[in-house]
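Going down the list, the sequences are from chains A and B. Counting from 531, one number per residue, gives the positions in the first sequence under the numbering used here. Counting from 86, one number per residue, gives the positions in the second sequence under the numbering used here.
Don't read these hints as lab results, they were simulated from the structure. Even glycine gets a Cβ: it sits at the ideal position worked out from N, Cα and C. Treat each hint with caution, since some may be false.
Said to hold, decoys possible - Residues on chain A that point at chain B, a partial pick, calculated with CB under 7 Å: (1) Ile-533; (2) Trp-540; (3) Leu-543; (4) Tyr-557; (5) Ala-562; (6) Gly-563; (7) Ile-564; (8) Asp-568; (9) Gln-597; (10) Tyr-598; (11) Val-640; (12) Thr-643; (13) Asn-644; (14) Ala-645; (15) Thr-658.
Okay, here's what each chain looks like letter by letter:
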Amino acid sequence: MEIHAYEKLWLALALVLIVGFIGTITYGAAGAGIDMIDDKGGTVDPTTLDDHPKFGDPGIEKTGENQYDVYVVTRQFVFEPGTTQPIRVPEGSTVTFHVTAADVIHGFEVVGTNANTMAIPGQVAEFTVEFDEPGEYGLLCNEYCGSGHHVMEGKLVVMEQSEFDSWYEQQQQEEEN
Amino acid sequence: MAVDSTAEGSAASPALRADGSGGVPADAATQNSSSEPPVDSIVGTADDGIVRQIDHDDFDPVGTLVLVLIYMVILLSMWVFMYFIEFLGRGLTVVG
């Protein structure tokens, strides 16, 4: 079959385009280190979350140098913590979130960022995020979860290290007492 | 022809409606037998007076090529914007 030179050209360009698309995705995963949220967080019984060693008293805990775990329970129509108390994390830290739902499917989105997951009853969504600068982020539920879905929101505060340390110590003392 | 047809049509119309055969085939048959139709009037034929004969690769659809290239440039720039600026540039990103 005889193929015109121009046709060969744009067929080749289309192939290069496809290879380029796949290449950027590969770069995102290998170079920029973008990860997907999967089922590595495991499962949990949503009916007995209050008795769970972590989700029973959700919040932040230090796991290493500049490394923290944050446990979040989502329920109609609050993030615990997040809504009544903001989630507080220090600047320059690596934070692993563990998010689950107590009743129905919710969403956990740090507004305007790629930190975004579904919160499914019985399933723990686990993902790690790096926080650089101090600042404030909004949290919102992006899965319709009932009549109060539109008011389900929260706040995430990235604090300066010294400020965070004193707050964290105070929290620890309150828990001990 | 037009005058004949009109006259014949108006006169024959009650009969045509009755038997449903119509007068056109008879008319066409008359035409065919009387003279050959001009070649130009047959569907699928055209004036084959070739003005210029070119080879397969001599025809260059430059306009199509330009359109395809413009389309690809748009596609590429939209991809770069969407992936590198909108997605990777959004601050917090899931890294583990």
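Hint check:
no.: 1; hint: Ile-533; result: violated (9 Å)
no.: 2; hint: Trp-540; result: holds (5 Å)
no.: 3; hint: Leu-543; result: holds (6 Å)
no.: 4; hint: Tyr-557; result: violated (9 Å)
no.: 5; hint: Ala-562; result: holds (6 Å)
no.: 6; hint: Gly-563; result: holds (5 Å)
no.: 7; hint: Ile-564; result: holds (6 Å)
no.: 8; hint: Asp-568; result: violated (11 Å)
no.: 9; hint: Gln-597; result: violated (11 Å)
no.: 10; hint: Tyr-598; result: violated (13 Å)
no.: 11; hint: Val-640; result: holds (6 Å)
no.: 12; hint: Thr-643; result: holds (4 Å)
no.: 13; hint: Asn-644; result: holds (5 Å)
no.: 14; hint: Ala-645; result: holds (5 Å)
no.: 15; hint: Thr-658; result: holds (3 Å)
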